[in-house]
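J.: Here are the chains, one letter per residue:
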Amino acid sequence: MREGFKNVIRNGWMSFAALSAVIVTLAVLGFSLILTFNVAQMSNSVTGQLEFSAFLNVNASEKQGQQVAQEIRALPGVASVQVISKNEGLQQMKQELGQELSDVLNAFKENPLPIQIVVKPQDPHQIDRLAKEVSEIPGVAAVRDPHKLAAAIFRTLAVVRDVGIVFVVGLVVTSMFLISNTIRMTIFHRRREIEIMKLVGATNWFIRWPFIIEGMIIGLVGSVIPVVLLVYGYRSLYVKAKGVFSGLAFPLVQAGQIEVKLAVILIATGLLIGMWGGVITVRRFLRV
Amino acid sequence: MQDVWKEYPNGTQALNGISVRIQKGEFVYIVGPSGAGKSTFIKLMYREERPTRGHIFINGFNIEKLKDRKIPLLRRTIGVVFQDFKLLPKLTAAENVAFALEVIGAPPKYIRKRVREVLEQVGLEDKMNMYPHQLSGGEQQRVAVARSLANNPSVLIADEPTGNLDPDTSWDVMRLFQRINDLGTTIVMATHNREIVNTMRKRVIAIENGVIVRDEEKGYYGYDD
Chain A
1 MREGFKNVIR NGWMSFAALS AVIVTLAVLG FSLILTFNVA QMSNSVTGQL EFSAFLNVNA
61 SEKQGQQVAQ EIRALPGVAS VQVISKNEGL QQMKQELGQE LSDVLNAFKE NPLPIQIVVK
121 PQDPHQIDRL AKEVSEIPGV AAVRDPHKLA AAIFRTLAVV RDVGIVFVVG LVVTSMFLIS
181 NTIRMTIFHR RREIEIMKLV GATNWFIRWP FIIEGMIIGL VGSVIPVVLL VYGYRSLYVK
241 AKGVFSGLAF PLVQAGQIEV KLAVILIATG LLIGMWGGVI TVRRFLRV
Chain B
1 MQDVWKEYPN GTQALNGISV RIQKGEFVYI VGPSGAGKST FIKLMYREER PTRGHIFING
61 FNIEKLKDRK IPLLRRTIGV VFQDFKLLPK LTAAENVAFA LEVIGAPPKY IRKRVREVLE
121 QVGLEDKMNM YPHQLSGGEQ QRVAVARSLA NNPSVLIADE PTGNLDPDTS WDVMRLFQRI
181 NDLGTTIVMA THNREIVNTM RKRVIAIENG VIVRDEEKGY YGYDD
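Sequence order for the protein chains is A and B. Just so we're aligned, residue 1 is where the first sequence starts under the numbering used here, counting upward by one. Just so we're aligned, residue 1 is where the second sequence starts under the numbering used here, counting upward by one.
You may find that some hints are simply not true.
[As the list claims (entries may be wrong)] So the derived list for chain B, only partly shown, Cβ under 7 angstroms to chain A, looks like this: (1) K67; (2) P72; (3) R75; (4) V80; (5) K86; (6) A100; (7) V103; (8) I104.
Please keep in mind that the hints were generated in silico from the structure rather than gathered at the bench. The beta carbon of each residue, even a glycine, is placed where N, CA and C say it ideally should be.
Let the hints inform the model, and build the full structure from the sequences given.
T.: As structure tokens, this is what we get:
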């Protein structure tokens, strides 16, 4: 152990380069993970949402609202229809925005919100057809189908995640190469000691361990830093966004939930990269 | 050693069929011109090299069948001394000796006791805390010998131990070897030093072109170089 620590410090610059590579690698990996966790959660939340909303023109009256609702009920395959009046909608929004921001809404003379009609189909597969039919009813200004929106977001996020994974793979290789180089320097530095250790009968593992530990220390330190950064970053994002993915009303994975998973995965990966970097170097350059 | 052959990967035929038996407690010189195979002979003994053919038994270890993993066990029964001492410059004499015991996992209390013992044995107990650069060549070689003795080896192998020393200090080291031999340790020493071989008469094995050309008790150096 003592030897491993000494080696890290002695090879200052090489250790620093290897460390940076590990940090970048794990930061990108961590970012991809956060994204993946959230996409998974979002996809769960969307699949559970088997309804869509139609919005009427802003100046439509409550009476018109009831009329449109009747028409929708008459459509085949509709399970239930719920009308959210302008006032109800306003109350809901106030709640969502919280105390400070609800003042903004008070500034409007008239209620700016349209009447919203939530439609639930009998068969989830019918949702697209129904959404289209509802949008053709006079007085309906817009239909928001969360599935369509979600699909677009999924596609984008999936691409971002895949790019992240490619980066991670490339970076893992780079990190291991740099760790390996650092350890090689140590081996070169200590070749006399190693020679004598071999001559007097030190076991192979006794000689190898300090180098593998050196790699693991680089991996460990290199994982702790991105863990701290990402946890801190995600927490402040979570607080700012009030736990909701900007405007789309998808809940973010709770900060506490994600942190432990993230920390475990990143630290384990860091240690593994370091250890493996150590093992391949020892195999290639120590010949014990 | 029975009919031992050694060919290096580059094609050099270092040893071409050597058979020799060295008894426990013997003191043997290995002589011969440069490149005749002396060093290879020595290296085979502590399994730095593996024989291409033939059988070698040392302290009950079958060298050609010895697994890499088991080499340390062999080396703990053998002490090795070199021309260039191979001391660690950043460690004191005592630390250099202790290093050999630390790396095989000896308990610290034993290490302290043993380091003092072997340094007394080579007559350097008052220079324990000096660094190699503060010691003369002869003293450095004695530290190296002390280190090789730390494990209580039954065989001491020396490759040109006096090669870097002036005649006076060479004799100090040789007298030390004699004392060690008197205590029952087998000594095998490759050397170019004619004066020593001819004065301190022991068994002489001469190797030329990879074969033994002469093996006699109380022999002479027999070369003019």
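J.: Against each hint, give a clear statement of whether it holds in the structure.
T.: Verification of the hints:
1. Taken as an interface hint, K67 of chain B does not check out: its beta carbon lies about 11 angstroms from the nearest beta carbon of chain A, beyond 7 angstroms.
2. The interface hint given for P72 of chain B holds, since its Cβ lies 4 angstroms from the closest Cβ of chain A, which is under the 7 angstroms cut-off.
3. The beta carbon of R75 of chain B comes within 4 angstroms of a beta carbon in chain A, closer than 7 angstroms, and the hint placing it at the interface holds.
4. The interface hint given for V80 of chain B is met, as the beta carbon of that residue sits about 5 angstroms from the closest beta carbon of chain A, less than 7 angstroms.
5. Of the supplied interface hints, the one on K86 of chain B holds, with its beta-carbon coming within about 6 angstroms of a beta-carbon of chain A, less than 7 angstroms.
6. At a threshold of 7 angstroms, the smallest CB-CB gap from A100 of chain B to chain A is about 4 angstroms, leaving the interface hint in force.
7. For V103 of chain B, the interface hint holds, the least distance from its beta-carbon to any beta-carbon of chain A being 4 angstroms, beneath 7 angstroms.
8. Interface hint at I104 of chain B: satisfied, since its Cβ lies 6 angstroms from the closest Cβ of chain A, which is below the 7 angstroms cut-off.
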